[in-house]
Amino acid sequence: MSKPATVEPPANSASPLKKASTYGATSRPQGGFELFSWYFFRITGVIMVFMVIIHLVIMHLTNDVSQTVYDFVAARYANPFWRVYDLLLLTFALLHGLNGLRIAVDDYVRPRGWRLLAHSTVWMLAVAFWLMGTMTIITFQPGTTTGIQNLFGLLK
Amino acid sequence: MYRGQSGMFSWLFHRISGLGILLFLLLHIVDITLLGFGPAVYNDAISIFSTWYIRIASLFLIAAVLYHAYNGVRIILVDFWPRGARFQQAMFWTVLLATIVCWVPTAVIIMAPCFQAGNACK
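Keeping their order, the protein sequence lines are chains F and Y. Residues 357 to 512 (the working numbering) make up the first sequence, in order. Residues 2 to 123 (the working numbering) make up the second sequence, in order.
Hints may be right or wrong, so weigh each one.
Stretch-level coverage of chain F by chain Y, calculated; a stretch enters the list once three of its residues show a Cβ under 8 Å from a Cβ in chain Y [unchecked claim]:
1. 386 to 392
2. 407 to 420
3. 442 to 450
4. 475 to 488
Hint data in this document are derived by calculation from the structure and do not stem from the laboratory. All residues carry an ideal CB built from backbone N, CA and C; glycine is no exception.
Please put together the full structure from these sequences, using the hints given.
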């Protein structure tokens, strides 16, 4: 009780793969980006417990998957609240998830060159998928196809 | 923290479920992007989510999401609640129980259309 359990280095901590993993309750980083990352996981995690469960209830319980078609999205996105909701959920989920992938890379990818490549890939995925998602949520207008397909030139 | 078996399994399940959810998230961003191609393309593409086999796949995803969410809360309690570490094992069993309790009715509701007349479940 004298000291929070979180700051005590565990005497016999042994995650199955790596002792110095940044994951888990017993290894709060001392500072810098890793400390920011540690808090980022926890803050976005708590927010997403609620946001994701609400998302699942709406998309899988109060509606059947077969009902969540284009017109369903159009009705939903007529209200800017749901666009903001989805933008936040996209941002939190993507950064939380890819940051988790980054930690996994640190655990499993040892050679410097491969690790640099893996880290670069993680951040490129973050930028590419965040742009794709935000562009879709922001530009969606029912009945028009002025969004992403022009970028790719796939449809005339 | 990781002395007992539950600590190791909670860690391993957390990582596997997290990476699985991330993989789905990337797929999900791609399928949502199809909205920009208009109703015909979008509705045609997402009709696969109504099939019985993708419904079953979605049950795995939902189990992963529920476990990851509840176990994340457990991790945070161990981090910030002074007595959290002492109860971490009890909380792990609570996480598993809560996951199952939420997952079973969800699975029933998602699979129900496959046992009913009509073509909601292809």
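Outcome, coverage of the segment 475 to 488 of chain F by chain Y - at least 3 residues whose beta-carbon is closer than 8 Å to one in that chain: Since three or more residues must qualify, the claim that chain Y covers the segment 475 to 488 of chain F holds, with 3 doing so at under 8 Å.
Three-residue Cβ test at 8 Å for the coverage of the segment 442 to 450 of chain F by chain Y: holds (count 3)
Outcome, coverage of the segment 407 to 420 of chain F by chain Y - at least 3 residues whose beta-carbon is closer than 8 Å to one in that chain: holds (count 6)
Coverage assertion for the segment 386 to 392 of chain F with respect to chain Y, Cβ distance below 8 Å, three residues required: violated (count 0)
Going down the numbered hints, you'll see the structure goes against just number 1.
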